[in-house]
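Chemist: Sequence:
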Amino acid sequence: MADYILVTETGSDIHEETARRHGIVVVPMHVNFGEVSRDDDSFPPEELYEYYKTTGKLPQTSGCTPVDFSAAFDRIHEKYPTAKILYLAYSAATTVSYRSAHLAAEGRDYVTMMDTKSVSCALRLVVTNVARMMEVNPDATEDEVKAFVESQVRRIRFAFIPGDLEYLRAGGRLSNVAFLGATLLRIKPTVEVLDGKLVATKKRRGAMVKCVGQLVEDFVTREPMDLSRVNLTYTVGNAPDPIIRALVEKILRDYGAQEIEWVKSGCVIASHSGPGAFGIAAVAAE
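Each residue of the sequence shown is one higher than the last, beginning at 90 in my numbering.
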């Protein structure tokens, strides 16, 4: 098989160290502060939170442009002229990135595109699982790689609890009435990615730590899961809340989880979920 170079977006929450380790090219999505556009993952989410706190305006996010992808594809092709590019896309149902990549790929027959229908640490898990598969099986055929990706996309599961409903309200995803009711009743909605779309599936009441514990328990028991790798995401600070971390890892270990990875979300994800959010991703058993 010709060598593949994996490409994805910063919305995968694949940061520099992981990208370098696996040779993954990460194309920046964008965060717009008024007239100023900044690349996602070029600054911490705390700057976004401070901007919203100071101005009352939530920065707008946007996907990668055709120019972003054209530049990335050209750089890769110039450096690795015999390699093929496999673009594992952030859910096409949620951003223009997939369409942008399609435009950029015109005339570049060395580019293959696959919609993962995933976001955040779920996309991270899919992409890094594919990278590991190719590292362990360097002689895998193109069809085998594509079949592996399709299996991952079919079986990936992701759920999260927003940290601050104010961000959903400011972004137009929650009405003022619903926001007020949820705040008064201490409701924490669970949001899942279903067929590439973000869908609110369950409402939980109580403290964040309680709701996170319930979410994790439900996540690992409602269907057989492959817990050899679990990706978890948080949106503020240099590490997850220690109480939540201890609870989540205990539940996961009790159910046989092996490799548990925490990753801080970039600004595209954080702008929707707010500070203090929690997310979990794993692959369903075959």
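The set of hints was computed from the structure by calculation and includes no laboratory data. Treat the hints with care, as some may be off.
To be verified - 27 Å max Cα-Cα, derived DSSO-like pairs, lysine-lysine:
id	residue 1	residue 2
1	K299	K286
2	K339	K353
3	K235	K291
4	K286	K235
5	K286	K353
6	K146	K235
7	K353	K292
8	K142	K339
9	K146	K299
10	K235	K142
11	K353	K299
12	K235	K292
13	K235	K339
14	K299	K235
15	K339	K146
Chemist: State for each hint whether it applies.
Modeler: The hints, checked one at a time:
Under the criterion of a C-alpha separation no larger than 27 Å, the hint pairing K299 with K286 is consistent with the structure, at around 26 Å. Pair hint K339 plus K353 holds up; C-alpha atoms about 20 Å apart against a cutoff of 27 Å. The straight-line distance between the Cα atoms of K235 and K291 is roughly 33 Å, outside the 27 Å bound, and the hint therefore fails. In summary, the hint linking K286 to K235 is supported, as the alpha carbons are separated by about 22 Å, within the 27 Å threshold.
Proximity of K286 to K353 is assessed by CA-CA distance (about 22 Å); at most 27 Å being required, the pair is judged to hold. In summary, the hint linking K146 to K235 is not supported, as the alpha carbons are separated by about 42 Å, beyond the 27 Å threshold. A hinted pair counts as satisfied when its Cα atoms are at most 27 Å apart, and K353 with K292 qualifies at roughly 24 Å. Taking the CA atoms of K142 and K339, the gap is near 35 Å; set against the 27 Å cutoff, the hint is violated.
For the suggested pair K146 and K299, the alpha carbons sit about 30 Å apart, so the restraint of at most 27 Å is broken. In summary, the hint linking K235 to K142 is not supported, as the alpha carbons are separated by about 44 Å, beyond the 27 Å threshold. About 21 Å separates the Cα atoms of K353 and K299, which keeps this hinted pair within 27 Å; it holds. Using a Cα cut-off of 27 Å, the hinted pair K235 and K292 is violated, with the two alpha carbons roughly 36 Å apart.
With a CA separation close to 35 Å, the supplied pair K235 and K339 exceeds the 27 Å bound. A threshold of 27 Å between alpha carbons decides the hint, and for K299 with K235 the separation of about 39 Å lies outside it, so the pair is violated. Among the hinted pairs, K339 with K146 is inconsistent with the structure: their alpha-carbon atoms are about 38 Å apart, more than 27 Å.
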